[in-house]
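Chains Y and U, in that order, give the protein sequences. If you count by my numbering, then the first sequence holds residues 318 to 397, one letter each, in order. If you count by my numbering, then the second sequence holds residues 136 to 367, one letter each, in order.
Honestly, I wouldn't trust all of these hints.
[Stated by the list, open to error] As a list, the in silico SDA-like pairs of lysine to any residue whose alpha-carbon atoms are at most 25 Å apart:
#1 Lys327/Y / Lys272/U
#2 Lys327/Y / Ala163/U
#3 Lys327/Y / Tyr195/U
#4 Lys327/Y / Arg294/U
#5 Lys327/Y / Asp288/U
#6 Lys279/U / Gln334/Y
#7 Lys272/U / Ala290/U
#8 Lys327/Y / Ala290/U
#9 Lys327/Y / Trp172/U
#10 Lys279/U / Gln336/Y
#11 Lys279/U / Gly335/Y
#12 Lys324/U / His293/U
#13 Lys279/U / Leu331/Y
#14 Lys327/Y / Val315/U
#15 Lys327/Y / Asp317/U
[Unchecked claim] Okay, the calculated bits of chain U under chain Y, using three or more residues with CB under 8 Å as the criterion:
#16 226-240
#17 243-255
Hints were generated in silico from the structure; no laboratory data involved. Beta carbons: idealized from backbone N, C-alpha and C, even for Gly.
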Amino acid sequence: MRATVLVRPKAGILDPQGQAVESSLRQLGFSVSGARVGRVVDLELSAPDPASARATLERMCEQLLANPLIESYEIELSGG
Amino acid sequence: MSGERPRIAVLVFPGSNDDRDAAHAVDALGAEAVPVWHAEPELPDVGGVVLPGGFSYGDYLRCGALARFAPAMGAVARVAAGGGPVLGICNGFQILCEASLLPGVLRPNASLSFVCRDVDVVVEHEDTPFTAGCGGKTLTIPVKHGEGCWFGDAALVHRLEAERRIVLRYAGGDNPNGSVADVAGVVNKGRNVLGLMPHPEHAVDPLLGSTDGAPLLSGLIEAARTLPAVVV
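Based on the sequences and whatever the hints tell you, model everything.
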């Protein structure tokens with residue numbers, strides 16, 4: 318089973334990286350506001366069904382992939 | 136651990152780069168530094184631990200996030216739980232936060248710039264082994280980090296202040312990284328684990344411009360000397 322984990326800085330958390338990206342995009346002439354930079358983790362795992370895969374991925378996020386103090390995460394599963 | 140020269144473990148992770156400076160400082164201040172490779176599941180007979188600065192595991196994922204799972208960290212947690220003194224410097228602070236041995240988390244500097252300079256650090260509380268000998272001073276100690284912006288939410292900061300656990304703050308106007316509440320160093324509830332971004336091990340010799348780091352490290356050594364042996 319393939320999974321993608323999206324890790325984002327939580328709302329309200331200062332994201333200087335996002336601010337730097339936003340200001341660079343503006344310098345390039347793009348009209349943007351509120352850029353935030355997170356992280357994508359693509360992985361493959363074996364699990365009997367999507368529900369247990371999701372439960373396992375949540376444990377991965379809580380223990381390592383995200384720091385719950387400052388980051389939120391989102392799990393996307395795709396079959397096979 | 137007792138005796139004339141208490142033994143202090145200095146952990147070495149892949150990517151640590153201040154471990155030798157830390158060992159040198161600990162030796163110079165009257166203890167015996169014992170380097171311990173991160174893969175060791177147990178520590179030798181030591182009275183205290185230093186987690187040095189550097190870039191353990193390349194700072195991959197988040198600073199300290201991978202190092203916290205090193206086998207030696209289980210032993211460090213046992214030392215901490217047993218009341219033994221544990222000092223995390225810079226990357227060591229990041230690791231202790233990720234390991235939940237200290238509160239909060241270290242994030243990229245607000246400026247996004249690596250900062251390398253002396254800072255003035257105010258000793259807010261002296262009732263820890265590390266700060267007992269600091270005499271209410273302002274310490275001048277170098278920082279050198281890209282990710283030293285300590286973060287805790289308002290509730291956490293409030294609790295830490297009530298518990299007098301923010302023991303080191305950057306002096307007014309001298310916050311190099313944008314840390315919340317000017318936090319430079321915090322202790323655990325038992326006050327035997329301290330993490331700080333400034334590098335006391337780089338400030339123990341007048342040749343290097345300051346000796347203000349010496350009292351913090353001497354406090355660790357004194358605690359290692361006087362506390363009963365910690366079984367790990």
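Verification of the hints:
no. : hint                : result
1   : Lys327/Y / Lys272/U : violated (37 Å)
2   : Lys327/Y / Ala163/U : violated (44 Å)
3   : Lys327/Y / Tyr195/U : holds (20 Å)
4   : Lys327/Y / Arg294/U : holds (21 Å)
5   : Lys327/Y / Asp288/U : holds (12 Å)
6   : Lys279/U / Gln334/Y : holds (19 Å)
7   : Lys272/U / Ala290/U : violated (28 Å)
8   : Lys327/Y / Ala290/U : holds (16 Å)
9   : Lys327/Y / Trp172/U : violated (35 Å)
10  : Lys279/U / Gln336/Y : holds (23 Å)
11  : Lys279/U / Gly335/Y : holds (23 Å)
12  : Lys324/U / His293/U : holds (14 Å)
13  : Lys279/U / Leu331/Y : holds (21 Å)
14  : Lys327/Y / Val315/U : holds (16 Å)
15  : Lys327/Y / Asp317/U : holds (21 Å)
16  : 226-240             : holds (count 3)
17  : 243-255             : holds (count 5)
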